[in-house]
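In order, the protein sequence lines correspond to chains A and B.
1 is the number of the first residue of the first sequence in our numbering; add one for each residue after it.
1 is the number of the first residue of the second sequence in our numbering; add one for each residue after it.
These aren't lab readings, by the way, just hints derived from the structure by calculation.
Yeah, the Cβ is synthetic: ideal placement off N, Cα and C, and Gly gets one too.
Wrong hints could be hidden among the right ones.
[Unchecked claim] Okay, the calculated bits of chain B under chain A, using three or more residues with CB under 8 Å as the criterion: (1) 109 to 121; (2) 204 to 218.
[Said to hold, decoys possible] DSS-like mimics (lysine-lysine), calculated; alpha carbons at most 25 Å apart, straight line: (3) B:Lys51 / B:Lys126; (4) A:Lys111 / B:Lys132; (5) A:Lys315 / A:Lys292; (6) A:Lys30 / A:Lys6; (7) A:Lys268 / A:Lys292; (8) A:Lys293 / A:Lys314; (9) A:Lys30 / A:Lys47; (10) A:Lys309 / A:Lys276; (11) A:Lys133 / A:Lys113; (12) B:Lys51 / A:Lys106; (13) B:Lys132 / A:Lys113; (14) B:Lys132 / A:Lys133; (15) A:Lys29 / A:Lys7; (16) B:Lys204 / A:Lys133; (17) A:Lys276 / A:Lys303; (18) B:Lys132 / A:Lys114; (19) A:Lys303 / A:Lys268; (20) A:Lys280 / A:Lys306; (21) B:Lys51 / A:Lys47; (22) B:Lys126 / A:Lys106; (23) B:Lys132 / A:Lys47.
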Amino acid sequence: MAIELKKLRKVYGESTVAVDDVDLTFEDKKISILIGPSGCGKTTTLKMINRLIERTSGDIIIDGRSIDEIGVIELRRSIGYVIQEIGLFPHMTVFDNIAVVPRLLKWPEDKIKKRVMELLDLMNLDPDEHPYKYPVQLSGGQKQRVGVARGLAADPEILLMDEPFGAIDPINREKLQDAFIEIQEQINKTIVFVTHDIREAIKLGDNIAIFNEGKLVQYDETMTVINEPADDFVENLLGSDRGLRSMELVRVHDHYDTDFFALELTEKLTVGDALKEIEKTDRRYAYVLNEKKRLAGYVVRKKIEKANKSDPLKKHVKETESIHPSSSLLEAMSLMMTSGLSAVPVVDDRGRVRGVVRFSALMEMFGSVDLTGSD
Amino acid sequence: MEFLDYVTRNLDRIVSELLRHIHIIAIAVPISIGIGAPIGIAIANHKNLAKVVIYIASVMMTIPSLALFGVMVVLLAPFGAGLGIPPAVIALVVYSMLPIIRNVVVAIRAVDPEMIEAARGMGMTKAQVLFKVRLPLSVPIIMAGIRNAAVMGIAVTTIAYLVGARGLGYFIFSGLSRARLDMILVGAILVSAMGIGTNYGLMKLEQFLTPRGVRLERQENR
Chain A
1 MAIELKKLRK VYGESTVAVD DVDLTFEDKK ISILIGPSGC GKTTTLKMIN RLIERTSGDI
61 IIDGRSIDEI GVIELRRSIG YVIQEIGLFP HMTVFDNIAV VPRLLKWPED KIKKRVMELL
121 DLMNLDPDEH PYKYPVQLSG GQKQRVGVAR GLAADPEILL MDEPFGAIDP INREKLQDAF
181 IEIQEQINKT IVFVTHDIRE AIKLGDNIAI FNEGKLVQYD ETMTVINEPA DDFVENLLGS
241 DRGLRSMELV RVHDHYDTDF FALELTEKLT VGDALKEIEK TDRRYAYVLN EKKRLAGYVV
301 RKKIEKANKS DPLKKHVKET ESIHPSSSLL EAMSLMMTSG LSAVPVVDDR GRVRGVVRFS
361 ALMEMFGSVD LTGSD
Chain B
1 MEFLDYVTRN LDRIVSELLR HIHIIAIAVP ISIGIGAPIG IAIANHKNLA KVVIYIASVM
61 MTIPSLALFG VMVVLLAPFG AGLGIPPAVI ALVVYSMLPI IRNVVVAIRA VDPEMIEAAR
121 GMGMTKAQVL FKVRLPLSVP IIMAGIRNAA VMGIAVTTIA YLVGARGLGY FIFSGLSRAR
181 LDMILVGAIL VSAMGIGTNY GLMKLEQFLT PRGVRLERQE NR
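Given the sequences, and given the hints that come with them, work out the whole structure.
Right, here's the structure in full:
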């Protein structure tokens, strides 16, 4: 569900403008980041969506309806809300914490139980051990996972996250972010995420909204923000090493090319057959998949043109490195450097080839960024 | 020997005054909670109002108990309730207001505002925030206030003997006027024992009522 902010404004007292006529649309099923220095209006903007803070003027439209048309309690129950670990209720077990909203919605208890177990599994928390523990018995990272599970409990279309990983140490923070990216791939929610950490923004965000002094300075896709910062403020926020940094943080997942050519390998498939197929395209090489459609390797057109046409193709398949969608572009780049490949296939957990990352595309993507870091 | 002698010969009276003492407390404490807790809950989030109310409650507590009983006797006499249990219970309720209201206010304020905001953000109504979050987390502090009030009430009830409420005060005041050490001892020992016992019992109750997660958290912080 997309969320539209229309001339959204919040004024405290007579003249303290916290949010100044913000217009933007959080896209459906995307992670949109709100970032900026403290007091920039990012958290106020977030809290106006579930009406923890009432706006002064303007409107917020969810799925075509103004949020005023929905009762405030109903609105909040239909939107997941995740804050720092402190938000867990210490007097409730993990199970009861996650079950809060389903219980408010009066779900039957067996449905709640099923849902909680499902979420524990999704969050990588042991469903045998964890549900009956209390927050105080968990580590910071585990608490935060429970917090995310709680936000997702009633399966809301929208998730609001207010610096959810802010209190976690850097190492566990990275892990949580990685886990969170994988979770979003499965759940596909519309997520609005507040952070003050630009690394986190680049790593998680499909889109980034940059705020300063209540104003929206820039709202674009993450790569656009990196490549074309709207002004000095955004440039400073990104830091001078933004090229390398963003390569390190931007995921292959968002930027691979689905345009590639693959052959399915069978026992009988000969070099001649393969060449015929390849010649229908103008590719210089082709990936080869085995019977289970897993990546077996690749063949280079020029090489097999010289080979005996009745040879089984299998003999000429060369193994190749591959990369996981959740790896960073920097990892893809370094894999290219070490393996000498100009393109790396993207292979998911199930062994399926999802696409390919090409060196040329990387260069294009980061072309306008000074990779040396000196301006 | 004189003491034991007195006890054995007056066992019936001792038991009946003890039960009477408990009776008075057992009426007064629930009434105090019934009045004090809602007041505390209502004013907890109004800083200035809370200040005023707690101030009034603490002034009430400084009234000497003898004077308070005197006032009560005069005020309640037109309703035919100037003597006996009514003035005793009312005095106890008056004295209980400070510990109960103050602790409820402190307890509710001690709940992390971010946690309250999380609760609201998830779609709890005000009542749900109160009953599902604020109050369960406030149990230890509120119970401490109730314990405080009950133990103090046990002492104050002794004086209620003077307005005809009976109770263990009988042994102390009669003992004093007759210069009978054995009687005074019976009263003093029983009142003290009751105070200690009540304190212990309510502490156990507090532990029992405190949600397990909160107990674990307190142990952790120790």
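These are the hints, each one checked on the structure:
Restraint check on the segment 109 to 121 of chain B versus chain A: 8 residues with Cβ-Cβ distances below 8 Å, three needed, restraint holds. Check on the segment 204 to 218 of chain B: 6 of its residues sit with their Cβ under 8 Å from a Cβ of chain A, so the three-residue criterion for coverage holds. For the given pair, Lys51 of chain B sits about 23 Å from Lys126 of chain B by alpha-carbon distance, which is consistent with the 25 Å threshold. The hinted pair formed by Lys111 of chain A and Lys132 of chain B meets the criterion: a straight-line CA distance of about 21 Å does not exceed 25 Å.
Proximity of Lys315 of chain A to Lys292 of chain A is assessed by CA-CA distance (about 18 Å); at most 25 Å being required, the pair is judged to hold. Proposed proximity of Lys30 of chain A and Lys6 of chain A is supported: the alpha carbons are some 19 Å apart, at most 25 Å. For a cut-off of 25 Å, the pair hint linking Lys268 of chain A to Lys292 of chain A stands: about 16 Å separates their Cα positions. Of the pairs offered as hints, the one joining Lys293 of chain A and Lys314 of chain A holds, with about 14 Å between alpha carbons and a cut-off of 25 Å not exceeded.
The hinted pair formed by Lys30 of chain A and Lys47 of chain A meets the criterion: a straight-line CA distance of about 19 Å does not exceed 25 Å. Between Lys309 of chain A and Lys276 of chain A the CA atoms are separated by roughly 10 Å; this keeps the pair inside 25 Å, and the hint holds. About 15 Å separates the Cα atoms of Lys133 of chain A and Lys113 of chain A, which keeps this hinted pair within 25 Å; it holds. The hinted pair formed by Lys51 of chain B and Lys106 of chain A fails the criterion: a straight-line CA distance of about 39 Å is larger than 25 Å.
Only pairs whose Cα atoms come within 25 Å are accepted, and Lys132 of chain B paired with Lys113 of chain A is accepted, the gap being roughly 19 Å. The straight-line distance between the Cα atoms of Lys132 of chain B and Lys133 of chain A is roughly 18 Å, inside the 25 Å bound, and the hint therefore holds. A C-alpha spacing of about 23 Å is found between Lys29 of chain A and Lys7 of chain A, which places the hinted pair at or below 25 Å, so the restraint holds. Pair hint Lys204 of chain B plus Lys133 of chain A holds up; C-alpha atoms about 23 Å apart against a cutoff of 25 Å.
The suggested pairing of Lys276 of chain A with Lys303 of chain A holds, with an alpha-carbon distance near 14 Å, which does not exceed 25 Å. For the proposed pair Lys132 of chain B and Lys114 of chain A, the alpha carbon gap of about 23 Å is at most 25 Å, so the pair holds. Simply put, Lys303 of chain A and Lys268 of chain A have alpha-carbon atoms about 20 Å apart, close enough for the 25 Å limit, and the pair holds. Only pairs whose Cα atoms come within 25 Å are accepted, and Lys280 of chain A paired with Lys306 of chain A is accepted, the gap being roughly 18 Å.
For the hint linking Lys51 of chain B to Lys47 of chain A, the alpha-carbon distance of about 31 Å lies beyond 25 Å, and the restraint is violated. For the proposed pair Lys126 of chain B and Lys106 of chain A, the alpha carbon gap of about 17 Å is at most 25 Å, so the pair holds. As the CA atoms of Lys132 of chain B and Lys47 of chain A are separated by approximately 22 Å, the hinted pair is consistent with the 25 Å bound.
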